[in-house]
Amino acid sequence: MASLCSVAPARPLGKADRSHRLAAIRLDNVTRSFPSPAGDGEKLMVLDGLTFEVGDGEVVAIVGPNGSGKSTLLRLIGGLLAPDSGSIEVGGVAVSEADPRVGLVFQEPRLLPWRTTGANIAFPLELAGVERTERDRRSSSLLDLVGLTEFARAYPRELSGGMRQRAAIARALAHDPSVLLLDEPFSALDALTRERFNAELLDVWQRTGTTIVLVTHSIPEAVFVADRVLVLSARPSHIVAEVAVPLPRPRNSETLDSPLYSGTASLIRAHLGGTREEHAADEARAAPVRDVLDRVGTRAWFDPFGPRG
Amino acid sequence: MRLIRRWLPIAVSAVAFLVVWKLVVVVSGLAVYILPPPEAVLERLARAIAQGTIAPHAMATLSEIAWGFLVGAGSALAIGYLLARSTLAEKLLSPYLVAAQATPILALAPLLALWFGTGLLSKVVICALIVFFPVAVATMIGIRSVDARLLELGRSLRATRWQVFRHLELPAALPSILGGMRVGVTLAVIGAIVGEWAGADRGLGILILLAQGSLFDIPLLFATLVTIAAIGVGLYLAVLVVERQLIGKWR
Amino acid sequence: MRQIVALVVAGVVGVALLAGCQFGVSSSPSAAPAKLTVGLGFMPHIQFAQFYRALQQGYYRDGGLDVSLQYGNDAQLVPQIGQGAVDIGLSDGTSVIPAVSSGIPVRYGATIYARFPSVVIARAESGIATAADLRGKRVGIPGRYGSSWIMLQALLASAGMSPIDVDIRLYPDFSQAGALREGQVDAATGFANNEPVQLALAGIKTNVMAVDDITPLPGPGLTVGEATAASRREAIRAFVDETLRAMREIIDNPELGVEDAAKEVPALATDRPTQLAILQATVAMWQSPYTDTHGIGAIDHDAWTRSIDFMQTLPDLDIKADLSADQLLTEDLLQ
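Chains as they are written, first to last, in the numbering used here: chain A, 1 to 309; chain B, 1001 to 1251; chain C, 2001 to 2335.
Treat the hints with care, since some could be wrong.
As the list claims (entries may be wrong) - Sample of chain C residues at the chain B side, in silico, Cβ under 10 Å:
#, residue
1, G2082
2, S2095
3, A2099
4, Y2145
Said to hold, decoys possible - Restraint ranges, calculated between C-beta atoms of paired labels, are given here:
#, chain 1, residue 1, chain 2, residue 2, range
5, B, R1149, A, L247, 30 to 36 Å
6, B, R1149, A, S96, 20 to 26 Å
7, A, P259, B, A1148, 41 to 47 Å
8, C, S2175, B, S1028, 39 to 45 Å
9, C, G2103, B, Q1101, 22 to 28 Å
10, B, S1028, C, A2230, 18 to 24 Å
11, B, E1152, A, S140, 23 to 29 Å
12, A, S87, B, E1152, 22 to 28 Å
13, B, A1100, C, R2233, 51 to 57 Å
14, A, E42, B, R1149, 24 to 30 Å
15, A, S96, B, L1088, 25 to 31 Å
16, A, R157, B, Q1101, 31 to 37 Å
17, C, Q2070, B, R1202, 29 to 35 Å
18, B, A1100, C, V2009, 49 to 55 Å
Quick caveat, the hints were computed from the structure, so don't treat them as lab data. Glycine residues also receive a C-beta, built at the ideal position from the N, C-alpha and C atoms.
Construct the complete structure from the given sequences, taking the supplied hints into account.
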């Protein structure tokens, strides 16, 4: 039995408790570079001295141009990558590796095709050594939370894209994390479904009170969901602006009509700004998007000639 | 009705095969001891089963196949995994693997009989050798084909090495591995027969030699071949069933 | 259907005649030499000296024959003879019985080995000299098949035993004589003109147990397909005649056999003393009390009948109960 259960705070799925507004996440002067994709040994600096805080129970959205390192930033907070310099803390404790206090939702659902939906959601608990009955109980309540109860025994291939992503969110909540990181989770969905999922995400947030950091390309989404929006510059990224979203909660479809909504969106757009040429230059400099088709075919084994062969 | 539709093509082709065989015999006028007609073979097979001629030999060959497959596939899974995850191991080992596969087992079999005796062991070794390569390559390809994004998910959930293997790599590799096993199991039949030819007391390979060289009973020879083919097909179907059980639901 | 086959055969014969190739259907010696394929169920060996002599001395040529020797193994030889792929072959007598019982149409036409060549050998010092001595002992054999297996069962049967009563050890690579020398087995099967000779040359004395006086099993002889015996009668008879002639000459002077073998097959030119020893042992088996009275190559009907009776007692072989020697033998090839 792993000791991970003791690390996760015993927080029942109940009302949000924001009485202790400690900084849930704190970044201090974080930098990170990668080897240049051109393979010339040069280092590509992606994040340059990022400093910001996220309060306990806050919803923060991060927007920025392509290649600005939004995903890298999320992985740093999640403990999948280590910063070159600077510090990252979650709940006052430095991040050194993946942590059950932090739940991750990726751009693709990444469900295991060979497990039922219920088993997928219970997967983190199974890895942590949680017993069967407790696992099943958690899985049931999570399925209920995201509205997938009838699909508990269905396999991922039987679910739509949106349902799979819901399951992924439920899975990220398995350990009842204090922080939930989402990396463009709805970008594969159509606009209408996306609006609905934004509302559902807020619903989940209402009920669990988890701190949320959402990386997104969509300014409307950022404004609708977040308390604050961080705008990143192009690579090497620093924070261009922190825009507070003055919209009241709870937010619903009427919020979308509010002038505050469009005003905030315009402000963020302005910060992202720059001319078309700058944007084009950003696109050119951006790392190539990893498409599913890139992975077609496996490298031949026993290939003395090497991949360039 | 669905059942009939599924099995009809197979039944039709089986009948067609028998008809063509009979036609060839009749047109060519070949004697029974050169090419027996299908009814002679089937009659001889029925008689051999009834008299208990085939059963002890078939049992011996089946046990060689079973043990050989177990040893060969088991070690292939382990080595295949090693080759998949360690570039160094792959660079060191793969030339020898390819060379070993290219060497005809028929040439190695007498040597192996010399080293391991003419009992069960040498047959198990030969079967294991012949099963090893396809399963090892299939394992390696399967393990390598695991989506890197799933592996990142595993890392984010702090999965141990064993957990990564058990929950991510193995299930992802199963389709490929089972495909390799389908090939391996039919090769194991060949391995057992070849192993018996290199020296054995019993087995369907020995029955072939006896039917041909001692008894001059060619219908029995063909009946033995039919039995061997049936065993091969049966084993193949068995792997298919296992495959459906393990990966049928989620594929 | 039969008409189609007949047409095809006629067409082939016609084409052959038109092409002028020698099809060997001659009935007069003045025609072109008849091509004859002779199957020897083994590899080139000094024991085939009579064929080498007949070739070297031109006996076959004088008889109007163009003989080509084909080497191989005995199991494939008999069906080939039956089918006519080989015109005549030197095959085990003990193979002919199950072959004919299974319906392969061959006939044994001339005895080459009047004594059964397969024997059981033991080291002289072990004291194993008769079948009864083998009880419980380790016996090395190549496998549970072939003439040696039949011989072993006949030998053991004479002492009221069967293979269960001895400790059989398998040597599929035919190294059972080496095992005997090393002491891994107490006795081994082999051929009277091979292993005992080799061992004697290595200074090891052996006891040889043969079945001739127990069950007169038929040794290798010239076997021909029924169809070939009818369609190529003269050529076959000529072949048998010349072969027996060569045999008689070698019996009188084995050196002649060694010389002609060396010329015909260069590989047999080495180690003459060994070759001579083997040939002398071979020649001893071409002769028996029966051939002394009836001539070289004569076929002993009674012996064959007793052999059939014995092989019918062997459960695995499934020899037909009504099989008789007349169905297996032909006297027609001997002059």
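Holds or violated: Y2145 (chain C) as interface residue toward chain B, Cβ cutoff 10 Å? Result: holds, 4 Å to nearest chain B Cβ.
Range hint 22 to 28 Å: satisfied by the CB atoms of G2103 (chain C) and Q1101 (chain B)? With Cβ atoms ~42 Å apart, the hint is violated.
Could you check the hint for me, namely that R157 (chain A) and Q1101 (chain B) are 31 to 37 Å apart, CB to CB? The hinted range 31 to 37 Å holds for R157 (chain A) and Q1101 (chain B), with Cβ atoms some 35 Å apart.
Mind checking the CB of S2095 (chain C) against every CB in chain B and telling me if the closest is under 10 Å? 7 Å, holds
For Q2070 (chain C) and R1202 (chain B), compare the CB-CB distance with the range 29 to 35 Å and indicate the outcome. Given about 32 Å between the Cβ atoms, the range holds.
Given a hint of 25 to 31 Å, does the C-beta separation of S96 (chain A) and L1088 (chain B) actually sit inside it? 29 Å, holds
Do S1028 (chain B) and A2230 (chain C) keep their Cβ atoms within the hinted range of 18 to 24 Å? 21 Å, holds
A1100 (chain B) and R2233 (chain C), beta-carbon distance inside 51 to 57 Å? 55 Å, holds
Whether the CB-CB distance between A1100 (chain B) and V2009 (chain C) falls inside 49 to 55 Å: Given about 50 Å between the Cβ atoms, the range holds.
Measuring from beta carbon to beta carbon, are E42 (chain A) and R1149 (chain B) in 24 to 30 Å? About 27 Å separates the Cβ atoms of E42 (chain A) and R1149 (chain B), which means 24 to 30 Å holds.
Mind checking the hinted window 39 to 45 Å against the Cβ distance between S2175 (chain C) and S1028 (chain B)? At roughly 42 Å between Cβ atoms, S1028 (chain B) and S2175 (chain C) fall inside 39 to 45 Å, so the hint holds.
Minimum beta-carbon distance criterion (10 Å), G2082 (chain C) to chain B: Cβ of G2082 (chain C) sits 6 Å from chain B, so the hint holds.
Checked against the numbered hints above, the structure violates only hint 9.
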